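A.B. asks: Residue numbers (my numbering), protein chains in the order written: chain A, 1 to 298; chain B, 1 to 242; chain C, 1 to 291.
If you're looking for bench data, these hints aren't it; they were derived computationally from the structure. Values in this document were obtained by computation on a predicted structure and should not be read as measured data. Careful: at least some of the hints might be erroneous.
[To be verified] Below, in silico cross-link-like pairs of lysine to aspartate or glutamate (EDC-like), each with a Cα-Cα straight-line distance of 16 Å or less:
(1) C:232 x A:267
(2) B:66 x B:55
(3) C:116 x C:185
(4) C:252 x A:209
(5) A:94 x C:91
(6) C:232 x A:262
[Claimed, not checked] Label-pair restraints from in silico Cβ distances:
(7) B:81 x C:285: 21 to 29 Å
(8) C:10 x B:86: 35 to 43 Å
(9) B:115 x A:169: 44 to 52 Å
(10) A:169 x B:111: 56 to 64 Å
(11) C:278 x B:80: 30 to 38 Å
(12) A:268 x C:10: 35 to 43 Å
(13) A:158 x B:234: 50 to 58 Å
For each residue, glycine too, the CB sits at the ideal point set by N, CA and C.
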Amino acid sequence: MSDRRRLIGPLNTIIPNIGISSNATEADVFKGPSSATRNEDGLRQFFLKTGIIENANGSAYLEVGGNIIQVSVFGPRPIRGSFVDRASFSVECKFLPYISQPNEQLYNNTTVNAGSTANTGPTNANANGRTGLTNIEQKISSYIETALLPSIVLEKYPKSTIDIFVTILSTESSNSGSTKVDAALLGISNWVLNCSSVALVDSGIELKDVVTSGVATLKNDKLLLDPEVISSGEDNENTLTCVVSFMNLRNDEIVGFWMEGDQSKFEESQVEQLIDGCNNMSRQVRANINSYFTSTLE
Amino acid sequence: MELYSPEGLRLDGRRWNEIRNFECRINTHPNSSDGSSYIEQGNTKVICMVQGPMEPTLRSQANANKATIEVNLAVANFSTLERKKRSKSEKRMVEMKTTLERTFEQSVMCNLYPRTVIQIDLHVLSQDGGLLAGLTNAITLALIDAGVAMYDYVAAITAGLHDQSPLLDLNGLEELDMSTLTIGVIGKSEKLSLLMLEDKIPLDRLESVLAIAIAGSHKIRDLMDNEVRRHGNIRSSKLVNN
Amino acid sequence: MSKMILSPAERSYLYDSLTQAPPIRPDSRTDHQFRPLEAKTSFLPGSNGSARIRLMDGSECIVSVKSKVVLSALESSLIECDIDVSGFRDDSNFVSNLKFYLTNLLQHNFPTQYLKLTSRYAFKLFIDCIVISHSSYPLSLISLTTYLALKTTRLPLLVSDVNDEEVAEQPTFSDDWDNAKYIGDFMKDGEVFQPPIFITLGVIGPNLIFDPSTEEEQVLENGLIVSFYGNKVITPISNINLATNSNNSNFKGLNRSLITKAMALGNKYCPAVVKALDTLIEQDDEEGTIF
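The shape of chain A in the complex, shown without the other chains:
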C-alpha cells in the first residue's frame, strides 16, 4: 500500500524552464478557422498526434479547423474498496475557462449567477463558486461515455477504473450569436469522440473496435459533411444536423447518435440520408486514423 497521507506527484516530473522562450513561430502554431482546407472527399484536414502526455496511459491531440482538443486516458487504475468484476468507465470533458461554449447562454443557466458576484472569472463557475462541469460539458461527457462504453472490454479489468479526461483548448464557435442551432455542439462532440478513440488506442486498453464518428448537416436537401459553424447571420431554418458514431468493423453498429435541428418537414428518409453521410465520414476518419497508426509503427 502506498503512502496515502501525502499527495505524491507524478513519477516523471519535469521542472519547467521558466523564462526561457521556446522559439515557436506564431504562424505555425495556430491557423484560423477559415484556413482549413477540404480534401476532395469533403472532409477538412485534421492534425493528429498521440502520446503527448507522458504521465497518462494514453493521450491524443487533434486540431481541425479552429477546434483544438486534447485527450488523456488514465487506466486501468486500481480502485480501493468493494470488489467490482468489470472496470468502471468515466469521461470528463472540460472547456478551458476562457473558451466560450456553444450556446452557453441557453444551457448553462448563466443568468443565475449574473447578479451574485462580479462575473469576471471563468464562465463556468457555478452558483457555489466551485468550478464543476457546466451542463454543456456534462452533456458532451455523457455522449462520449455512452459511445465508447460498448467498445471497451471492461471485463478484462476487474477492480479498476478507466478515466478519460478531455480538454477543449479552442473551438471555432468563438462568439456566434445563433441561439437556435446546436450544430457547433454536435461538431465539437464529433471531434472529441474521434480524438478520445485515438487516445484509447494509444493507451493499449483492449477494445472491441475503434469507434469513429461523423457529423453531417442536411440543408434544403443538400448534404454537407463535417460542416463548419454557420455564422450567426445566416438563415438556420430547415437545417438538420446529426452526429453518429460507429463501430465500423462490427456491422456499422451505431454506438452514439444525436440529432438536432429544425423539423418542419422532418422525415425518416432524411435520417437515413444523414446516417449514410455520417457513416461515410466515419469511415474516412477511420482510414486516416489507421494510416496514422501504421505510419507510427514504421
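Once you have looked at the hints, place chains B and C on chain A.
C.D. replies: Same frame as chain A, now just chains B and C:
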C-alpha cells in the same frame, strides 16, 4: 398595513389566539418510503418522507449506541411568491436542518436502533410563515407512519408579539414584521423539545407568548392525533376484512 | 429508494423474455405501453401552472410553472428550466444531463411568440421540476409532468395597450384571476397548444420497448430518446445508456434500422399518449389539495 386591528382582527381575519387552517395526511407515499406525510399549515405546504431505520451507506454514520438521524431539506424554487433559485448550503437552511436533527434525536428512542440511520427527506412546496413548525409537524407524522418509536408527538407552532398582544400561528406577512417564537411541545405536556426565537421579545412578555404557543401546539397535536387515528382505523379495518 | 440489483440468472431470464417476438415484459405490458400513472394538476396556488405525476413504483415528479414579466430584449430565452432530483447534487452529471435535455427540447419546440405581451415586454416562464423519488430514468416522467403543468398554466390577462412603441408604459393586468387565460387560448383558431414530450425507448435484441422500468433498464442493450411535438416525432433524438452505472454488461451498439423504427413507433403511439394526458386534465377535479 394594519397587522392587528383595534377590533382584534388580524390580516387574514383571525383573532389573536386562532390557528390557521391545518390539514395533514399520513402515508401519502406508501410505495416510495417507509413513512410519509403531507401537511398544510395555512399556505405552508410540506411533504415529508422517512426511510429507515436502515443500514447506513457511510460507515461514519453508524453509531454503536443509537440511531443517526439525517434530515435533508429541499426548498422548492417556486415555494415563495417570487421565484428564487436557492442552494442547499444556505445558512438558514443548514441551521434549520441541524435544529430538526437535534430535536428528533431527543424525541425518537434512538437507543432502540443502534448502528442504523433514519433518513428524513423534506420537500417544501410552498411557504407562508411558520416553516420550521410545519417541518417539525410533518416529520412527527412521517416518523409515526414509519413506525419509529417515539416518546410522544412533537407538535410545533409559531407565536409572535405585536405591540403588547401575543399572536398565534403567524403567516408570512406577520412573520416579516414581528419577532417570532417557534416551539415544539412534547405531547400534552408543557415540556418543550424545540424553541427558536428570531429577533427578540421582552422577558416579561415571553410568558404570555409561550402560554398561547403551548395552547396552540396542543391543538395541533389533537389534529395530528385525529389523522393518525383515522388512518389507523382504515388500516385495522383492512386487516379485519382480510 | 434502493435499487434492486438483479442476479445473473434473473438478468438472463429477463433478457431472454424481452428479446422474444413480441417481448414478454415483467409487468405484462405490450412493447408500446407506458406504466400506469396517476396525475394531479393546478394544486399550487402560488404558481401559474402545476402538475404532479406518480407511478405505481413510487416514482413521483412535481412541476411548477411560474411566469414573470420581462423586457424581452434583455432575455436570451423566454423559458428557463430547473430540475432538482432528490439524492443528487445539482451539478452532478445525472441532473445536468436531464436539465440539458429538457431545456433543449423546450427551447426549440415551444410557441414562444404567444408569450410576447407588447413590443417590449414578454412573459418568461420558469419551469421547476422536483423529482421526489424515481427508480427508472426519470426523463420521460419529467417531460410528461411538464406537459401537464404547461397545459394548465394560466397567464393573467393584459389590460394595458399592446402597442407601446411610442409611449413607454409598464404592462398592467386584470385583477380578476377568472380572466386569466391558458396558453392555448392565445393561439389562433385551428392551432392546438401541445407542449413537446420526451419518450424513452429501450433497445433489446430486435425489439424496442416503451418506457422501460428499472429492472428492464438493467438488461437493455441501448436506449433511445425520441421527442414528439406537433403530432409528429421531431428532434432532438439521441441514444442513451439508461442504466446509470457502466455495470450493464449487455450494453452495446445498435442497428441503424432501429432508429427509423423508433421514429415510426413514436409517430404511431405518441398521439395516444398525448391524448391520454389531455384526458387526465379534463377528468381532474378542481379540488385544491394534492393528497
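A.B. asks: Are the hints correct? Go through all of them and say.
C.D. replies: Against the structure, the hints:
Straight-line distance between C-alpha atoms of residue 232 of chain C and residue 267 of chain A comes to about 10 Å, which keeps the hinted pair within the 16 Å bound. With a CA separation close to 12 Å, the supplied pair residue 66 of chain B and residue 55 of chain B stays within the 16 Å bound. For the suggested pair residue 116 of chain C and residue 185 of chain C, the alpha carbons sit about 14 Å apart, so the restraint of at most 16 Å is met. For the proposed pair residue 252 of chain C and residue 209 of chain A, the alpha carbon gap of about 12 Å is at most 16 Å, so the pair holds.
This hinted pair checks out: residue 94 of chain A and residue 91 of chain C have alpha carbons roughly 14 Å apart, not beyond 16 Å. With a C-alpha separation of about 13 Å, the suggested pair residue 232 of chain C and residue 262 of chain A falls inside the 16 Å cut-off, and the hint holds. Taking the beta carbon of each, residue 81 of chain B and residue 285 of chain C are about 26 Å apart, inside 21 to 29 Å as hinted. Checked against the hint of 35 to 43 Å, the pair residue 10 of chain C and residue 86 of chain B passes, with Cβ atoms roughly 42 Å apart.
Range check, residue 115 of chain B to residue 169 of chain A: Cβ separation about 50 Å, and the 44 to 52 Å hint holds. Range check, residue 169 of chain A to residue 111 of chain B: Cβ separation about 59 Å, and the 56 to 64 Å hint holds. Distance hint check: the CB atoms of residue 278 of chain C and residue 80 of chain B are about 31 Å apart, consistent with the given range 30 to 38 Å. Distance hint check: the CB atoms of residue 268 of chain A and residue 10 of chain C are about 36 Å apart, consistent with the given range 35 to 43 Å.
Roughly 51 Å separates the CB atoms of residue 158 of chain A and residue 234 of chain B, a value that falls within the hinted 50 to 58 Å.
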